[in-house]
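Visitor: Heads up: the sequence shown runs through residues 1 to 617, numbered per this note's numbering.
These are calculated hints, taken from the structure and not from any lab test.
Hints are supplied without guarantee of correctness; some may be wrong.
To be verified - Simulated restraints on C-beta separations: (1) A106 x R344: 30 to 38 Å; (2) A374 x Y99: 49 to 57 Å; (3) V83 x C616: 53 to 61 Å; (4) T579 x D457: 45 to 53 Å; (5) S603 x A359: 45 to 53 Å; (6) G604 x E303: 46 to 54 Å; (7) T116 x G96: 26 to 34 Å; (8) A455 x V577: 58 to 66 Å; (9) S363 x C616: 35 to 43 Å; (10) H352 x C616: 23 to 31 Å.
Even for Gly, the Cβ is constructed at its ideal location relative to N, Cα and C.
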Amino acid sequence: MNNQKTRQQQRVCTIFFVYLFINNNYKQPETDLNLLSRTSGALAVLTAAVLLPLSACGGGGPADDTAAPPPSVATPPSLAPAVGAALQGSCESLAGYTYANTRITAATTVAAGTLTVAGRDVAAHCLVTGAMNTRVGPIDGQTYAIGFEMRLPLAWNGRFLYQGNGGTDGAVATAVGAVGSGGPLTHALHQGFAVVSSDAGHNAAQNPLFGLDPQARIDYGYGAVLALTPMAKSLIKAAYGKGPDRSYAGGTSNGGRHALVAGTRLPQEYDGILASTPGFNLPRAAAAQLYTAQQLRRVATDENDLGTAFSMAERQVLAQAILQRCDALDGVADGLVQDVEGCRSAFDIRQHVPVCSGARDGSCLSAAQIDALANLYRGPVNGQGQALYATQAFDPGLVGSNWASWKFVSSVGNARDPVAVGIIFQVPPDATVATRSRQFAFDFNFDTDFARLSATDATYTESAMSFMVPPGMTQLDALRDRGAKVLVVQGVADGVFSSDDTRNWYEALTQAYRGDARGEAASFARFFLVPGMNHSRGGIATDQFDALSALVDWVERGVAPERIVAAARGAGNAGGVNTELPSDWSPTRTRPLCPYPAVARYSGQGDSEQAENFVCR
1 MNNQKTRQQQ RVCTIFFVYL FINNNYKQPE TDLNLLSRTS GALAVLTAAV LLPLSACGGG
61 GPADDTAAPP PSVATPPSLA PAVGAALQGS CESLAGYTYA NTRITAATTV AAGTLTVAGR
121 DVAAHCLVTG AMNTRVGPID GQTYAIGFEM RLPLAWNGRF LYQGNGGTDG AVATAVGAVG
181 SGGPLTHALH QGFAVVSSDA GHNAAQNPLF GLDPQARIDY GYGAVLALTP MAKSLIKAAY
241 GKGPDRSYAG GTSNGGRHAL VAGTRLPQEY DGILASTPGF NLPRAAAAQL YTAQQLRRVA
301 TDENDLGTAF SMAERQVLAQ AILQRCDALD GVADGLVQDV EGCRSAFDIR QHVPVCSGAR
361 DGSCLSAAQI DALANLYRGP VNGQGQALYA TQAFDPGLVG SNWASWKFVS SVGNARDPVA
421 VGIIFQVPPD ATVATRSRQF AFDFNFDTDF ARLSATDATY TESAMSFMVP PGMTQLDALR
481 DRGAKVLVVQ GVADGVFSSD DTRNWYEALT QAYRGDARGE AASFARFFLV PGMNHSRGGI
541 ATDQFDALSA LVDWVERGVA PERIVAAARG AGNAGGVNTE LPSDWSPTRT RPLCPYPAVA
601 RYSGQGDSEQ AENFVCR
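Just need the whole structure built from these sequences, with the hints factored in.
Guide: Here it is as structure tokens:
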């Protein structure tokens, strides 16, 4: 009997040490998600096995029939709420603030009511402007600096927000901390946060040719975040006599990517990350737009106007076909497709869209149009059929003007995707793309040119996929273990950053932390889809919500967001009316945004225009 027990313990020990080997050697970053997925599965099996007695694994003592108690696992700490403070001394005295490689240009008191949000006054605050790390670029001779402004409430709530801005940056956006949703009713500055905003290391006149400068590329990607964070916290301490109790990073679009950069590159500095519509695979997303342009060109009646590929009437044909198959999957036909995953199997563009038997007349789509759309929603592939970005989910929000702008204009324009790919992201950069963006998009070769996004050379030693993509997106232990939280929100009908790409990341994160005793993914990171919403806002959607307050409640009060109530911006909305909403919607319609993979489903009782009658499941 004892020999049998010994053999059993030996087998358990073997399993245990194999478990340790795998755990120590295969905690991979997101660069190999397939391996991560396979390893996580193995770990789950082995973890179950090692729950057997392990008393003999350490040797030295006789075996007995009493199982050793499981080792204690420390859970991440709860973070205490921030405590406010008043500005010490005068605002103007902060003009004398000093910090390494930093020049303060002004410090001015801004009276209450100078800024407003949704018709409400923003309280009095101190505006500090300046620049960091001024230098002359060795390639183009341009003077570069990280321009910034910081707004410091006279009555501060003890919180700091790093505001990430959008697009290719180049301007210091007003530091109010409006970090997501359409027509915000409040924002971080209005709530009493100290907020910093920057131009990410270049000015508007340098856009997009700052991509010729290697350091300007890095500042745009992550360098500005790394430089500004300690400076901003130091300035806060100088202003209030203490540093921030709680620090947050938030933003929309590229600003959402900046927020994730803050969380992954400076995990010890941030307690909460709010990433709205984050383009964390931004170089690939921008290249996917060039693929979109190529598909649209095939069916456009005028290649100089890609909107002729699909008229509004034709987009409505597609939207109605999606609604017919998917609208009621959530329990009510209301013009919204809440069950995004269910729609994937319910709708097939090659089967469920009316096909023209003759000329295009706005009541059908031609076979060529359907083929182009199928390719567009599948995403770019190379000559071997390998996917280079992500799929996109079919959603009726494609009738939105913002969706159309990204697809028909930005995909070939000289201010967005082609110049980003050709000048900022690829190695070597090509300055001529600024004057031939349309042709560059049409000619982009996904077998040869796409690889330049990951290329380096002696001058450009970091690739776009290195300086733009937040590192370790599926290994967030440093955030999780100190009690920090991550909240990501994205519209399903985003015309530029695929919500499927974000979903794929969240599923990989979920898999990486499955069975983790210190907390699975949902304990510190949640992802919310907004059906019908275009890029950041707009579309056929309930796009007005306050995710920042939900994040603060989660970080500082331990209240995990089981739903976030979102409202339609109909007539009379204080944050601004969304003129694209269907006429049969209530102007005050609300819906719960549910943490993925839960879906907002109608309970079957009560007014279907109100969120209270929907459940997340």
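Visitor: Take the hints in turn and mark each one as holding or not.
Guide: Quick rundown of the hints versus the structure:
Between A106 and R344 the beta carbons are some 53 Å apart, a value that contradicts the proposed interval 30 to 38 Å. Roughly 54 Å separates the CB atoms of A374 and Y99, a value that falls within the hinted 49 to 57 Å. Checked against the hint of 53 to 61 Å, the C-beta distance between V83 and C616 comes to roughly 33 Å, which is inconsistent with it. Between T579 and D457 the Cβ separation comes to about 48 Å, which falls inside the hinted range of 45 to 53 Å.
At about 46 Å, the CB distance of S603 to A359 agrees with the hint of 45 to 53 Å. Checked against the given bound of 46 to 54 Å, the beta carbons of G604 and E303, roughly 50 Å apart, stay inside it. Against the hinted window of 26 to 34 Å, the Cβ-Cβ separation of T116 and G96 comes to about 30 Å, which satisfies the hint. For the hinted restraint 58 to 66 Å between A455 and V577, the CB-CB distance of approximately 46 Å leaves it violated.
The given range of 35 to 43 Å is respected by S363 and C616, whose C-beta atoms sit roughly 37 Å from each other. Taken as a hint, the range 23 to 31 Å holds for the pair H352 and C616, whose Cβ atoms sit roughly 28 Å apart.
In this structure, the earlier hints numbered 1, 3 and 8 are contradicted, and the remaining ones agree with it.
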